[in-house]
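Chain by chain, the residues run as shown.
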Amino acid sequence: MNISAKQGERFAHAGLALLLLGLLPLALGPYWLNLVGKYLAFSFVAVGIVLAWGYCGILSLGQGVFFGFGGYAMAMFLKLEASAPELPDFMVWSSVEKLPFWWEPYSSLTVTIASIFLVPIPVAFIFAYAIFRKRVSGVYFAIVTIALSMTLVVLNIGQQGETGGANGITDFSTLLGFDIINDAGKVAIYWVEVVLLLTATTLAALLLHSRFGKLLIAVRDREDRVRFSGFDTAMIKAFIFTVSAVLSSVGGAMFALQAGLVTPSLIGAVTSVELVIYAAVGGRLSVVGAVIGALLVGFMKSYLSEHFPEIWLFFLGGMFIFVVWVLPNGLADLFRKILRVKA
Amino acid sequence: MTFRRGNQAPRRKAVIPAAISIEETFVTFGIFVMQLFNGLSLFTILLLMALGLAIVFGLMGVINMAHGEIMAMGAYTTYLTASFIEHHLPGLMGVYLFIAILLAFAVTFAFGYVLERGFIRWFYHRPLDTLLATWGLSLILQQTYRSVFGAQEVSVPLTTWLSGAWEPTETIQLPLNRIFIVALTILVTLGVWYILHKTRWGLRARAVTQNRAMSSAVGIDTNRVDALIFALGSGLAGIAGSVFTMVGSTNPGTGQLYIVDSFIVVVFGGVASLLGTAASSFLIAQMQTALEYLMSGSMAKVAILLLVITVLYFRPNGLFASKVRA
Chain A
1 MNISAKQGER FAHAGLALLL LGLLPLALGP YWLNLVGKYL AFSFVAVGIV
51 LAWGYCGILS LGQGVFFGFG GYAMAMFLKL EASAPELPDF MVWSSVEKLP
101 FWWEPYSSLT VTIASIFLVP IPVAFIFAYA IFRKRVSGVY FAIVTIALSM
151 TLVVLNIGQQ GETGGANGIT DFSTLLGFDI INDAGKVAIY WVEVVLLLTA
201 TTLAALLLHS RFGKLLIAVR DREDRVRFSG FDTAMIKAFI FTVSAVLSSV
251 GGAMFALQAG LVTPSLIGAV TSVELVIYAA VGGRLSVVGA VIGALLVGFM
301 KSYLSEHFPE IWLFFLGGMF IFVVWVLPNG LADLFRKILR VKA
Chain B
1001 MTFRRGNQAP RRKAVIPAAI SIEETFVTFG IFVMQLFNGL SLFTILLLMA
1051 LGLAIVFGLM GVINMAHGEI MAMGAYTTYL TASFIEHHLP GLMGVYLFIA
1101 ILLAFAVTFA FGYVLERGFI RWFYHRPLDT LLATWGLSLI LQQTYRSVFG
1151 AQEVSVPLTT WLSGAWEPTE TIQLPLNRIF IVALTILVTL GVWYILHKTR
1201 WGLRARAVTQ NRAMSSAVGI DTNRVDALIF ALGSGLAGIA GSVFTMVGST
1251 NPGTGQLYIV DSFIVVVFGG VASLLGTAAS SFLIAQMQTA LEYLMSGSMA
1301 KVAILLLVIT VLYFRPNGLF ASKVRA
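If you read the sequences in order, they're chains A and B.
Following my numbering, the numbering of the first sequence begins with 1 at its first residue and continues without gaps.
Following my numbering, the numbering of the second sequence begins with 1001 at its first residue and continues without gaps.
Simulated from the structure, these hints should not be mistaken for lab results.
Keep in mind that this is a model prediction, so the values were computed, not measured.
Be aware that one or more of the hints could be misleading.
[To be verified] A short list of chain B residues far from chain A (calculated; beta carbon distances all over 12 Å):
| id | residue |
| --- | --- |
| 1 | L1036 |
| 2 | G1091 |
| 3 | W1135 |
| 4 | L1139 |
| 5 | Q1143 |
| 6 | T1159 |
| 7 | K1198 |
| 8 | T1199 |
| 9 | R1204 |
| 10 | R1206 |
| 11 | N1251 |
| 12 | D1261 |
[Said to hold, decoys possible] Computed Cβ-Cβ distance ranges for the label pairs, DEER-style:
| id | chain 1 | residue 1 | chain 2 | residue 2 | range |
| --- | --- | --- | --- | --- | --- |
| 13 | B | R1315 | A | G161 | 49 to 57 Å |
| 14 | B | H1088 | A | L296 | 48 to 56 Å |
| 15 | B | I1186 | A | S94 | 25 to 33 Å |
| 16 | B | T1310 | A | Q160 | 26 to 34 Å |
| 17 | B | L1294 | A | Q160 | 44 to 52 Å |
| 18 | B | P1157 | A | E310 | 23 to 31 Å |
| 19 | A | V326 | B | G1150 | 28 to 36 Å |
| 20 | B | I1186 | A | R222 | 41 to 49 Å |
[Stated by the list, open to error] Calculated from the model, a selection of chain A residues having no Cβ within reach of chain B, i.e. all distances over 10 Å:
| id | residue |
| --- | --- |
| 21 | G22 |
| 22 | R135 |
| 23 | W325 |
Backbone N, C-alpha and C define an ideal beta-carbon position, used for all residues, glycine too.
With the sequences and hints as input, model every part of the structure.
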């Protein structure tokens, strides 16, 4: 079978839609659908990593920061609803007497959702633009971001009374009175998530096929030439980093809804680096591959850490090495070769 | 830095009533010296870790995320040596530390050599991929330690002549083992400086760093130089691990605790600058302990990271960047 790259990509997107909208909901019960939903939450981040790392060469090891932000924002709203009109239980335990001011906005769902989408924009943009304008990039950027995520975990755990500390935020079960842990709730959230995810993958693909997408690749391969041609490359990089931050935040919010808890480890360096492998396994140049990679690695993680806990780290470590060494463009590349897609 | 802190420490004591007796001044001075010394201890670990990283990262441009696990390897080697000597050659317990440090260096040096030849060298032109691959390696090593030594912490017995403290005044107690570590760190640092700047081998290493193609053209075996630089960096991590056993106990996650801090030290000081690495580990360690005294540990970490990012914003190549056009 000989197909062109364009056809191949359309097949891949159609296949993904078929899988998420048709096959999985038909084949799986609510329990498994909920698990798949959790893996899909990570795939938002993976799509962002494909955009920033695969196409623009920016490796961020701090995506967990934005994932955690989205997760915490959602969890704060749910927790306030669960404990209203009292204070959340962990605040009472740490004898916090008044709701901290930065919790106040999260008693409204509209504000919560808006903040999940909007707050990462200025934060990520200002941070990234400042750094990229100074031409700090590559491994330096990776180190700064991983340090940032580690530091935020320490800060988060330290503020036990206001953030729930090491235990995170747990014990919530309703969204505007609608039960999210019974079967109907889980399935409903799955549908919302899939629609959001397919929108994100479609937009990402459109972005990559636009003129801007070509510019991204040019920045990745020869940033100095793009700069000499009169483009503000720092602006381009900061923009794509911001897009990936917003995607991570949305993924975090979906995770909080389906997992029923958020913990500081979601923000941490280990999660942040793991998120990169989701994208790398699927293929750093393939939006659809990133989603598939997140599903596969997520499933392996649940399966192995449940049945063979001592093997999981060997497996994960081995996968980092294998993907980098043998399959730099991930499973998507393997499929391209099998299906003989012309580049 | 130290002078400014000298002014700050008494200011914090402003709550003390106006009449300050001589004893109280001594106590304040004692706290100040102890603080400085606590900073020195953190400084030694950071410096030993960062030295190895600075060599590998600065000279070769390789990001080795498994550096922390190599440090843990040195720590476990020390632990094994200590248990072996304790059971079979109890007469040598007094000097086991020196044997252990040499062994830790040898083991990690060899490991680094093999690692570079069989693994790292395939990724030289892909720094970000090196980062991911070595992260994978670090996970595998961590799990290996967990399977072999268990998840709980292991610690080594402290040599008798190193327990106890030197007490120059009543309020100042400086533990002997920490004084020993400081001396050892200075020795190792000078040794590295000597090797890099005063030996033929160091000359070759610096030549390869500056211009690989020309070095190769004049007959330097650049592959061999690469392998030895990497091995030396790993060996230094091994020494760091060995030293670490004297102040803390080792568990499989020990390496991860220090890896990011060490990278921050290297980046802050400016890569490829030994002086920068030493100065920046001193600054960061002193700030860390001083800020921990003034506020909570988590806030101290945040403050330091913000400071480092601010400094990097104005000096993107680090505090002590060499003025070479890349």
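How the hints compare with the structure:
Every beta carbon of chain A lies more than 12 Å from that of L1036 of chain B, the smallest distance being close to 24 Å; the non-interface claim holds. A cut-off of 12 Å between C-beta atoms confirms that G1091 of chain B is not in contact with chain A; the least separation is 39 Å. A beta-carbon of chain A is positioned within 12 Å of the beta-carbon of W1135 of chain B; the least distance is around 6 Å. The non-interface label for L1139 of chain B is inconsistent with chain A: the shortest C-beta to C-beta separation is roughly 3 Å, within 12 Å.
Not every C-beta of chain A lies more than 12 Å from that of Q1143 of chain B, the closest at about 4 Å, which undercuts listing it as non-interface. No Cβ of chain A approaches the Cβ of T1159 of chain B within 12 Å, the least distance being about 34 Å, so the stated non-interface status holds. Every C-beta of chain A lies more than 12 Å from that of K1198 of chain B, the closest at about 30 Å, which supports listing it as non-interface. With a minimum CB-CB distance of about 29 Å to chain A, T1199 of chain B clears the 12 Å threshold, and the non-interface call stands.
No beta-carbon of chain A is positioned within 12 Å of the beta-carbon of R1204 of chain B; the least distance is around 25 Å. R1206 of chain B, annotated as away from the interface, keeps every beta carbon of chain A farther than 12 Å; the closest lies near 21 Å. Every beta carbon of chain A lies more than 12 Å from that of N1251 of chain B, the smallest distance being close to 14 Å; the non-interface claim holds. Not every CB of chain A is more than 12 Å from the CB of D1261 of chain B (nearest about 8 Å), against its label as outside the interface.
The supplied range of 49 to 57 Å is broken by R1315 of chain B and G161 of chain A, whose beta-carbon atoms lie about 38 Å from each other. Restraint check, H1088 of chain B to L296 of chain A: a C-beta distance of roughly 50 Å satisfies the suggested window 48 to 56 Å. The hinted window of 25 to 33 Å between I1186 of chain B and S94 of chain A is violated, with their beta carbons roughly 44 Å apart. At about 28 Å, the CB distance of T1310 of chain B to Q160 of chain A agrees with the hint of 26 to 34 Å.
Between L1294 of chain B and Q160 of chain A the beta carbon distance is about 20 Å. The supplied range of 44 to 52 Å is therefore violated. Checked against the hint of 23 to 31 Å, the pair P1157 of chain B and E310 of chain A passes, with Cβ atoms roughly 29 Å apart. Between V326 of chain A and G1150 of chain B the beta carbon distance is about 33 Å. The supplied range of 28 to 36 Å therefore holds. Separation of I1186 of chain B from R222 of chain A is about 45 Å and conforms to the stated range, judged on CB atoms against 41 to 49 Å.
No Cβ of chain B approaches the Cβ of G22 of chain A within 10 Å, the least distance being about 34 Å, so the stated non-interface status holds. Not every Cβ of chain B is farther than 10 Å from the Cβ of R135 of chain A; the closest lies at roughly 7 Å, contradicting the non-interface assignment. Non-interface call for W325 of chain A relative to chain B: violated, since the shortest CB-CB distance, roughly 7 Å, does not exceed 10 Å.
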